[in-house]
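Chains A and B supply the protein sequences, listed in that same order.
No gaps in the numbering here: position 52 of the first sequence is 52 in the working numbering, and each next residue is one more.
No gaps in the numbering here: position 26 of the second sequence is 26 in the working numbering, and each next residue is one more.
These are calculated hints, taken from the structure and not from any lab test.
Accuracy of the hints is not assured; some may be wrong.
As the list claims (entries may be wrong) - Subject to a maximum C-alpha distance of 20 Å in a straight line, what follows is the list of computed EDC-like cross-link-like pairs (lysine to aspartate or glutamate):
id: 1; chain 1: A; residue 1: K370; chain 2: A; residue 2: D358
id: 2; chain 1: A; residue 1: K111; chain 2: A; residue 2: E193
id: 3; chain 1: B; residue 1: K141; chain 2: B; residue 2: D108
id: 4; chain 1: B; residue 1: K128; chain 2: B; residue 2: D143
id: 5; chain 1: B; residue 1: K52; chain 2: B; residue 2: D21
id: 6; chain 1: B; residue 1: K192; chain 2: B; residue 2: E28
id: 7; chain 1: B; residue 1: K106; chain 2: A; residue 2: E265
id: 8; chain 1: B; residue 1: K52; chain 2: A; residue 2: E265
id: 9; chain 1: B; residue 1: K154; chain 2: B; residue 2: D140
id: 10; chain 1: B; residue 1: K7; chain 2: B; residue 2: E88
id: 11; chain 1: A; residue 1: K267; chain 2: B; residue 2: D108
id: 12; chain 1: B; residue 1: K154; chain 2: B; residue 2: D121
id: 13; chain 1: A; residue 1: K267; chain 2: B; residue 2: E88
id: 14; chain 1: B; residue 1: K71; chain 2: A; residue 2: E265
id: 15; chain 1: B; residue 1: K106; chain 2: B; residue 2: D124
Claimed, not checked - Partial selection, computed: residues in chain B whose CB lies under 7 Å from chain A:
id: 16; residue: F13
id: 17; residue: L16
id: 18; residue: T86
id: 19; residue: L93
id: 20; residue: F104
Keep in mind that this is a model prediction, so the values were computed, not measured.
Glycine included, C-beta positions come from ideal geometry on N, C-alpha and C.
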Amino acid sequence: MTDQTTQTPVSTPARAKPAKGGFLGLTSNDSTLLMIIFGLLIFAPFILNPFPEGSAMAQFNAGYPDLMQRFVIFGIFAIGFNILFGLTGYLSFGHAAFLGVGSYAAIWSMKLVTLNVIPAIIMAIIVAGAFSWVVGKISLRRSGIYFSILTLAFAQMSYALAYSVLTPITGGETGLQIKNTDNPLFGSLNPGEIGRANFFGLEMGNSYMLEIGNWVFTFNLGYYIAAVAMLVAFYLSIRIFRSPFGIMLRAVKSNQQRMNYTGLEPKRYTLWAFVISGMFAGLAGGLMVAMDTQVGPERMFWTASGEVVIMTILGGAGTLMGPVLGAGFIKYLENIVSKINKDILHQWFAFLPDGFEDLMVTLVYPFVGKGWHLTMGILFMLVVIFLPGGLVEGGKRIAGLFTRKKTADKES
Amino acid sequence: MAILSVKGVNKRFGGLQALGDVNLDVEENTCHAIIGPNGAGKSTLLNVLVGKLIPDSGSVVFDGQSVLGRKPHQINQMGISRVFQTPEIFGDLTVIENMLIPCFAKRDGSFRMHAIESVRDEGDMIAKAESMLDEVNMLDKTDMLASSMSRGDKRRLEMAMCLVQEPRLLLLDEPTAGMARADTENTIQLLKDIRTSRGITMAIIEHDMNVVFSLAERITVLAQGTPLVEDTPDNIKGHPKVREAYLGEAQV
């Protein structure tokens, strides 16, 4: 990938001035990127709620806690997946298994140890990391399509086992929830009380509503905990991209033969990329449980693994921002566009004469509501065909047009 | 003293005896060429040396240690670098990144989890990589994408990537194969410069007699998997057995 964001900016005293203005060991460009993510995360309740309550456009508001949490959690999932797929080029088709395993680990931590989400999330990361090490060790005996198939097989196996023989651990079809019979080791629950996930005593569901005019903005504790996790995940991803380890991972994608004859072990580097991305998936799984204390095996189904692949490619594999954009895009389509029904369409086109109104509704309807998959499919095809670098490349091309115009203006 | 010593190596592929009782010593600080007609077993021998093939019998000792059974990356870490027939570089990476990889491999061994450190803080490594690029006159191409360069530049880069590791032995597999005349001349000059400035031991497999006679200090002629004769270039030129087996068809 010739994309600028994948290339490590190597500044040397001899040729270029050392980058200034950065912080946390980042170049100024990377710091800006981190600040953008930081700003988006902090102000998401405002940014995602641009339309006043009760207005015709209100169904486009995405600033409710449940959806914001999903944006962030899938963002983390995709950021981690991108470390493996974007850098090494190894396409795992079974990453949902690590998300699921992380979820199960988190809920057991809550059932048995404490209802505090932090230990649960840490458990999720550790267990998912260990599981991905085993899966990676075996799957990486092959590369290309065979690697993908092996990871897919592992994930489907995990899914099927969670449904059947592992029922004592996974709860089978009904999954696991926190019940009134659960009594964690650390915690003071009254008999019969159903425990709630908390962050050192503060409940995940705690929200503060801010009403300004017709607008209602919700600030939810759970969301902000997930947002901090994503900020950390994004920061780590930048560091990995810019590290010697990151160069090695891109070398794996580029030429393993040369790596071998340069005294390096490409398989070992790939395995660790696999484990790191598995741990990111575990973090996402743990956060899911922290936000909503229940797990079911469908979380590991192969379509869930496919979704993260699509998110990463749609946004731009191998770029820093791509996975975040892709995850946001798909979750928005899934949750917002899918809710548009015929009545809403009629409202929109009410200004047209009757015949035209019906025509427009008929034309648009297949792409919204349950048809959102069609919209996503078309969008995905367009991106893959015309923007192989994903939405990030699209953004760059648009930015490029503007800068070219500007310079042209200056010249003329 | 021989830095690389091959003794009684045999390798069979089914009914074909690819290498039959090969004995070969590469002396330290020389350029040793291995020549022979097509199918003589040159590439098989090279693949044995780098750990890609394991011989049926015999021994290969590098610097007092056997290389047999070791993997390519371990053999590289022992101090053997290899230049391929078609340049093997990291095409998706920039030239400087290409150079940094062997620098890290030399310093950190075959694996290190340096995932949080920034490449920008590796001042020593960057300086080392750049001085090597300077030596092969590529300092102006530092930020170019490796795949976008000409064949000759890719060859230079690959060479630089091998040399920056300061190998004890540099193996070259037809380094000028498929090159234009000018690029061939440049490559010969580059190799000569490296020989004189660094005193590096080289073993070269080559078809082009021009290249062989302008570089080699010792020549081994392989024919049908067996060394026919080993001598200095001058003696090889006039050797009747060699003419018969190989040079009869080529103009020398």
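Outcome of the hint check:
1. A:K370 to A:D358: holds, 19 Å
2. A:K111 to A:E193: holds, 13 Å
3. B:K141 to B:D108: violated, 26 Å
4. B:K128 to B:D143: holds, 16 Å
5. B:K52 to B:D21: Status holds; Cα separation ~19 Å.
6. B:K192 to B:E28: holds, 16 Å
7. B:K106 to A:E265: Distance of about 13 Å is within 20 Å: holds.
8. B:K52 to A:E265: holds, 14 Å
9. B:K154 to B:D140: holds, 14 Å
10. B:K7 to B:E88: With a Cα-Cα distance of about 29 Å, the restraint between K7 of chain B and E88 of chain B is violated, given a limit of 20 Å.
11. A:K267 to B:D108: holds, 16 Å
12. B:K154 to B:D121: violated, 27 Å
13. A:K267 to B:E88: Holds, because 18 Å separates the two Cα atoms, which is no more than 20 Å.
14. B:K71 to A:E265: Roughly 10 Å between the alpha carbons, so the hint for K71 of chain B and E265 of chain A holds.
15. B:K106 to B:D124: holds, 13 Å
16. F13: Not OK, violated: F13 of chain B not within 7 Å of chain A, min 21 Å.
17. L16: violated, 25 Å
18. T86: Not OK, violated: T86 of chain B not within 7 Å of chain A, min 11 Å.
19. L93: At 6 Å from the nearest chain A Cβ, L93 of chain B passes the 7 Å test, so the hint holds.
20. F104: holds, 5 Å
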